[in-house]
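Peer 1: Residue numbers (our numbering), protein chains in the order written: chain R, 1 to 209; chain L, 1 to 178.
Calculated directly from the structure, the hints in this document are not laboratory data. Quantities reported herein were computed from a predicted structural model and do not represent experimental measurements. From the three backbone atoms N, C-alpha and C, an ideal C-beta is built for every residue, glycine too. Mixed in with the good hints, there may be bad ones.
What follows is a set of in silico ranges between Cβ atoms, one per label pair, in the way DEER data are often shown [as the list claims (entries may be wrong)]:
#: 1; chain 1: L; residue 1: T139; chain 2: R; residue 2: P123; range: 47 to 57 Å
#: 2; chain 1: R; residue 1: E25; chain 2: L; residue 2: K148; range: 41 to 51 Å
#: 3; chain 1: R; residue 1: H86; chain 2: L; residue 2: V18; range: 14 to 24 Å
#: 4; chain 1: R; residue 1: P73; chain 2: L; residue 2: A144; range: 44 to 54 Å
#: 5; chain 1: R; residue 1: E25; chain 2: L; residue 2: L154; range: 38 to 48 Å
#: 6; chain 1: L; residue 1: G115; chain 2: R; residue 2: P109; range: 49 to 59 Å
#: 7; chain 1: L; residue 1: T113; chain 2: R; residue 2: A84; range: 51 to 61 Å
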Amino acid sequence: MLSIIWAGMIILAVAYAAVTGGAEEITTVLFAQAARGVTMALEVMSIITVWFGLSRIAAKAGLLPAFGRLIAPLIRPLFPGVPAGHPAIPAMGMNLAANLLGLANAATPFGLEAMRALQRLNPLPRTATPAMVTFLVLNSACATLVPSTAIALRANAGAQQPSAIIAPAFLASSVALAAVLIIDRLWRWRYRREKVAGSRSRPGKGGRR
Amino acid sequence: MMTATAQVTALIVPALVVVALLAALLRKVDVFEEFVRGAGEGVKLSLQLIPYIVAIFVAVGLFRESGVLTVLTQWLSPVLTWLGFPVDVLPLMIIRPFNNAAAMGVVADILSTRGPDSFSGRLASVMQGSSETTFYVLTVYLGAVGIKRSLHALPLCLLGDLIGYLAALWATVLFFGR
């Protein structure tokens, strides 16, 4: 899919330039942009390097488990189908804590652990459970306290206050998260109604909710 | 609104650094060694990013310099203007759910052509900071446990991205003005 978008942009650009008579500029732009890309990537390298070093210290300091423990009780009510004390909850808490702290590389292992824990509760192993959907939604719309990539890019571009985007980014993702969680509730409610009506069997409902 | 919150948010990163260092020292972590190791991973990741960023810079640059973006802007401007989006962020909206490194490239391109403190630059940063690589998350997480049917996960996550873009626009105007 990304291939189609990417190739489409280039083909459209070249075709349009050919029609409007700017074809000879295409080659210049092609190499100039490649040079800019390499320069940019090397400039951002410094920031990524520092940030990864610091996030490794944060991970080793046990900040993640501490944050995860704070978050676990908050997300508990979102997963009525997961029994109390099930390992999926702390794993999801750690995953969201890592996202919240902007430690994207630390988030994936906990996310996979959470998915495996949720899969053990799944009566239909090839179909997602509602709890999984809620977790994925939570993960993909997750608010972050430190949008490290965006701050790094801004610092590199010489912004007056690179971190000034923290508050608006947090606000925006919180709004999106709240909206999506509400829609997810409505969707789940629809599954349950279908199940009660018994009109047709829809896999993935399971007996637990 | 801008100055007060900017002062607080300017402290978030330094505060996290100090808290992490103190907590690590209390746990007798060899902080210097761990920093170097983490930084090494950062170097590796940055090198992996180079081809992605070049790929995006080339496509977005050609798209803009050839004049296609201008034509597209004229077509879409009624819709985008009605919503309040500058047309610069259109490629970011399309690419963001697919690939994080590619989206980084788009943001970097907007920041360097429009400036980090322009409206487009700020909006792009907020959008990048408040959204996720939806397709990556879904593919990796569902694939890891062998799930084929994902119920309403994909439409809902994509809807979440769309709501996120609108929320980012609203928050950017709220904090920085237009």
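Peer 1: For a quick check of understanding: which of the numbered hints are violated here, in increasing order?
Peer 2: 1, 3, 4 and 6
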